[in-house]
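Let the hints inform the model, and build the full structure from the sequences given.
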Amino acid sequence: MSIERGKINSQQLLFLIAGFVQGSILLIDFTVGITEHQTWMVILAGLAISAPVILSYVALAKRFPGMNLVQINDMVYGRFLGKAVSMYYIFFFVMTLSFNIRDVGELYVTFLMQDTPFIFFLVVFAATCAYAVTKGIEVLGRVSHLFVVTGLFVIISTFILLIDQMDFSNFLPLFELPFIRIFQGIHIVSIIPFGETVAFLMIMGRLNKTEHAVKRTFLDYQ
Amino acid sequence: MIPNKGSEASLIKKITSSIMIFILCFFMLFALTGCLGAREINDLEIVIGMGVDKDEDTGNILLTAQVVKKDTAGRTSGDASGGGDGKAFWNVSSTGDSIFDAVRQVTHKTGNRLFISHNQAVIFGNDIAQEGLQEYIDFFLRAHEMRPTALILVAEDRASDILDAKPETEKFPAMNIAKLVDTYGFTSHFYEVNMKDFASCLMSPTTAPLVPLVSIVKEKDCMDIYVSGMVAFKKGKMIGKLNHDEVRGLLWVLGKVKSGVLIVPSPDEQGKAVLEIVRVKSKVTPEIKDGSIVMHIKIKEESSLSEQTTAENLATDKAFEKIQEATAEVIRQEIMAAIDKSRELNADIFGFGEMLHKKYSSKWKTLKDNWDEIYPTIELDIDVETKIIKTDLLKKPVSQSEEEK
Amino acid sequence: MFRYIFKKIGYLSLINKHMLQNTKPGKNNNKPISPDLEKNLEVIKGILHSSDLAVHEFNFGHDRRFKGALIFIDNLADKKEIHKNILQPLMYDALLLPMDMDFTQIDTIWKSLISMTDNVKVTLLGDLLDSLLAGAAILLIDGSKEALAIKAGKRDARSIEEPGTEAVVRGPREGFIENVNVNIALLRRKIKDTDLCVEKYVIGEKSKTDVYIVYLRSVANPKLIEEIRTRLNRIKIEAILESGYIEQFIEDSPYSVFPTVSNSEKPDKVAAKILEGRAAILVDGTPFVLVVPMVFIESFQSVEDYYARPFFASAIRIIRFLSYIISTLGPAIYVALTVFHQELIPTQLLISIAEGRERVPFPAILEAFLMLFAFDLLREAGVRLPKPVGQTVGIVGALVLGEASVQAGLISPIMVIVVSATAIASFAVPAQTDSGTILRYIYLALAGIAGGFGVIMGLLATLMHLASLRSFGTPYLWPVSPLNLSGIKDVFIRMPLWTMSKRPKAISRNSSDSCNQDPGLMPAPFKKGSNDSK
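Protein chains in written order, with my numbering: chain A, -8 to 213; chain B, 266 to 670; chain C, -7 to 526.
If you're looking for bench data, these hints aren't it; they were derived computationally from the structure.
It cannot be assumed that every hint is accurate.
Computed list of lysine-lysine pairs in DSSO-like fashion (alpha-carbon distance at most 30 Å, straight line) [claimed, not checked]:
(1) C:113 - C:215
(2) B:660 - B:537
(3) B:546 - B:563
(4) C:228 - B:279
(5) B:278 - C:228
(6) C:228 - C:23
Some chain C residues judged to face chain B by a derived CB distance under 7 Å, without partners named [what the hints assert, rightly or not]:
(7) 330
(8) 331
(9) 339
(10) 346
(11) 347
(12) 349
(13) 350
(14) 355
(15) 358
(16) 426
Some, not all, of what chain A presents toward chain B, calculated at C-beta under 8 Å [as the list claims (entries may be wrong)]:
(17) 13
(18) 101
(19) 109
In this text, a Cβ means the ideal position worked out from N, Cα and C, and glycines have one as well.
Set out below in structure tokens:
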């Protein structure tokens, strides 16, 4: 509905992306199973590897100002192939979305409320998200400030409070695991929080400033 | 524009129907309440301590759970005497093939499910510890209600006896034990081990986990709970006990000594100088030299003079120097005692293996497999540096000093 | 979905309005006054036929050759004034004027005889009646097509007192009263500037209430003023009895629990807001003045914050934020913790809560609802009853609820503590007490249904809702989101006044000359040598 009308500025986009990555980092849990104590390296490497990919998104947004991903696809691939590619992207978004919602629901069911039916969390969570979406991209942009700042506050305060329990020698040893596992981890990390930001190409066209704000936004975050 | 009546009526219909949908949604929420895992506090049996023993007759597990008696627990000790035997807790026990089985069996006696989130300590009986904790610890780590910070202890004899001993000042034995463990810093004769620490030691291929030992001291008519010394495990099985000096020797190396008392002879051999440990820093650097492993242990200790039993004024540079030397010697002896013990048990209680792993990860693969043979051959280079930093309130001992006469 | 409903409802009200307008009686509104005095009097008497209408017919001028009539409503007009300043000059002073003066010309009388200000010449019967009902005395002259409405109205006004709703420790003790003219004067006394604009509207077909917009022309955003004008012009109702009527017709989101129009009884507060670029809407007959636009943070700011030194003011403001959180979330968090997440309560506390609840027969959620209901009942009863009786209710409530219900084992003592803390906290933020009360119940229900998860989802939805609100074009959560760094100086803490040299960007006219003080006014002690005279 109102998503069509909303305009956001580059700062809000920055916070939206920050919030997105912050949220996805929570789901990094599954790479820990693969890369164990070297996950920290994997995340940094993933960030570095995904940087050119993200820059290519920026380049796309610059090349096609005011357009979203579907429109870009239509333009690049022509009408029919473009639609097919767009469908594929939308399929990807739906998959990611359901995966993320499921993960949140699983968190609650495993740790907090065991006796509650799983579907309850999914429905309530999806309903809340839907409510947010009906409010439009502008509201999401405004709320993202609050979320990111709160999230950062929680992370930093936890970090400070736990600083005496940290043992930095646990970062060692550096290259113990077989390389294939590290590679696998990097692959996952560079896609799951960082590569997924392709979703933001859908709203890049909503920026109210010139296109180079887009570039700044991505670089700011990295 | 004046609309006709028909469209107006259909509008009202639409509005009412959408309002009805909202109301329906709202009431559907209430229908969900029954299965959302709500549990009133009244229906909880709050477990604050658990003991695991072996049932002597059947060989099954005998689980003792210390449950809070809600009607008397919160009252002040003055009017607690009014209700029943005055105990604020109830030790309920059951047997089962596994721990979880036993936990569920308890419901036959309590009428409610056990709520173990507030479990302070898990005490394993001696027989269980000797058999091996590996198979029993799984439940405590897997159960989502259980905290990984719950303490783990081993009883000198049976865990249920420890939970039965009613402390004089505290209301709950389990709380009392948690308090006793929490104050280990004053002596550093053992250290706090919780489920998470124990499990992470258990997962290491080399490090031998330690667990504090709890026992009962009978005095006249009352029984006191006493925590001192630790039990060493290897491959999940109890292999021996460390007395309190040996434990402190270990803590010196790990840098975990918080405080404690050191007694050294005074320089004039007339009495003793008693020092309180203020600050300890330790650093262990592993080194592989010509195929042999050397651990460089460097300890920096600062202490204060807390008591002296001689008339000599110890607050002089000369006396300090001598005391410092003597202190270093005491510390070295404690460390050696710990090392001798660990060699005797052939258990890597220091975690030397993990240190080597972090520094020499490539060589570690070959060392790991025959660690048991390598461990006793590790050489040690102990360097202790001590310093007396203060003498508390007195500058001179309370005696007639000879110079003044 | 909601928007759809709103649209439809708005549409329905439009239809109603049309129907109202069609049936409106338009009989004597546009009739001119006839030169025949007798006829005029007859018509007026015919329309009003009320016993408090006073008609005084008289002859005046040399030889008493002119006929006139003075009409007024008995208790609205001040008789003494009428005698002294209208009748006396007409009857006696007219004789001092030249013989040939033509007193059938209203202008002549107005300029030569009437020694009162605030007079309006009326030519239409409708206007005449309006002025008459507003308390004016109407002078009708035989042979004149015009009448003179003389403001001889007297008004019983109470004296200016300290407002009951916004008591301060430090600060002016004056408050607005029911007389809107006095209120405007109070504002004028605070802002003696030529830019201060007062625009008058008369709203209400029967009540004909005076409504004034007051703003600073050079500071307020012209779009805002235009928006207020259009919204006020939209209002077509019978009567405006209080500014709350206006508020409900001009607010942005009528379906939100959060108010988007603020109100105040204190001239200094309203003056401060006008100086920031807001506009005040004063309504005759009520001491409550509306101020738009409103942002959420305003609820947590008190005038005293700016009179006290910044440290204490900041501390108090943080307490206000905390108290709002406690008042909305207190019972919900208690229920979520004790029913769903007992593992989060410290062990000793859990044991004492369990002991307190041992005999309580209700589930915690019901217990909380009962207690909150009892509290709201007590509050309502205490407010409505006369003061001495109200105290009795308070005492009975405290004894029965606080003591007896705990003794009887109906309510756990911790619940009493939680609810009392909530109750006290809810009074710390007066502007959001209404929204807080409603949210408290909603969160409590969510906590009872889904524990912490429910509360968090509720909070999320509330946050989304707050972020989507706008008050006359200003985002409701400004300056936190969208973020404004110079605005944030006055949100969680109150920076010293000399740092706040800019007007709020989102509210005032433009950013270029938005300084309200010289920057760099930070006080500093005299430097030696710089001032030798002392």
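| request: Return the status of the interface hint for residue 13 of chain A: holds when the least beta-carbon distance to chain B is below 8 Å, violated otherwise. | output: With a closest approach of 25 Å, the residue 13 of chain A hint is violated.
| Hinted contact residue 339 of chain C with chain B - closest CB pair below 7 Å | With a minimum Cβ separation of about 5 Å from chain B (threshold 7 Å), the hint on residue 339 of chain C holds.
| said: Against the 30 Å threshold, does the CA-CA distance of residue 228 of chain C and residue 23 of chain C hold or violate the hint? | reply: Distance of about 22 Å is within 30 Å: holds.
| message | The hint names residue 347 of chain C as touching chain B; please verify it with the least Cβ-Cβ distance against 7 Å. | response | Holds. Min distance 3 Å.
| request: Return the status of the interface hint for residue 426 of chain C: holds when the least beta-carbon distance to chain B is below 7 Å, violated otherwise. | output: violated, 21 Å
| query | Going by Cβ atoms only, is residue 101 of chain A closer than 8 Å to chain B? | reply | holds, 7 Å
| CA of residue 228 of chain C to CA of residue 279 of chain B, is that 30 Å or under? | Distance of about 27 Å is within 30 Å: holds.
| query | Are residue 330 of chain C and chain B close enough, Cβ to Cβ, to be under 7 Å, as the hint says? | reply | Since the shortest Cβ distance to chain B is 5 Å, the answer is holds.
| query | Can residue 355 of chain C be said to touch chain B, with a Cβ gap under 7 Å? | reply | holds, 6 Å
| message | Check whether the Cα positions of residue 278 of chain B and residue 228 of chain C lie no farther apart than 30 Å. | response | Given pair residue 278 of chain B, residue 228 of chain C holds - Cα atoms ~27 Å apart, limit 30 Å.
| Minimum beta-carbon distance criterion (7 Å), residue 358 of chain C to chain B | violated, 10 Å
| query | Do the alpha carbons of residue 546 of chain B and residue 563 of chain B lie within 30 Å of each other, as the hint requires? | reply | Within the cut-off at roughly 8 Å; holds.
In the structure shown, a violation is registered for the earlier hints numbered 1, 15, 16, 17 and 19, in ascending order.
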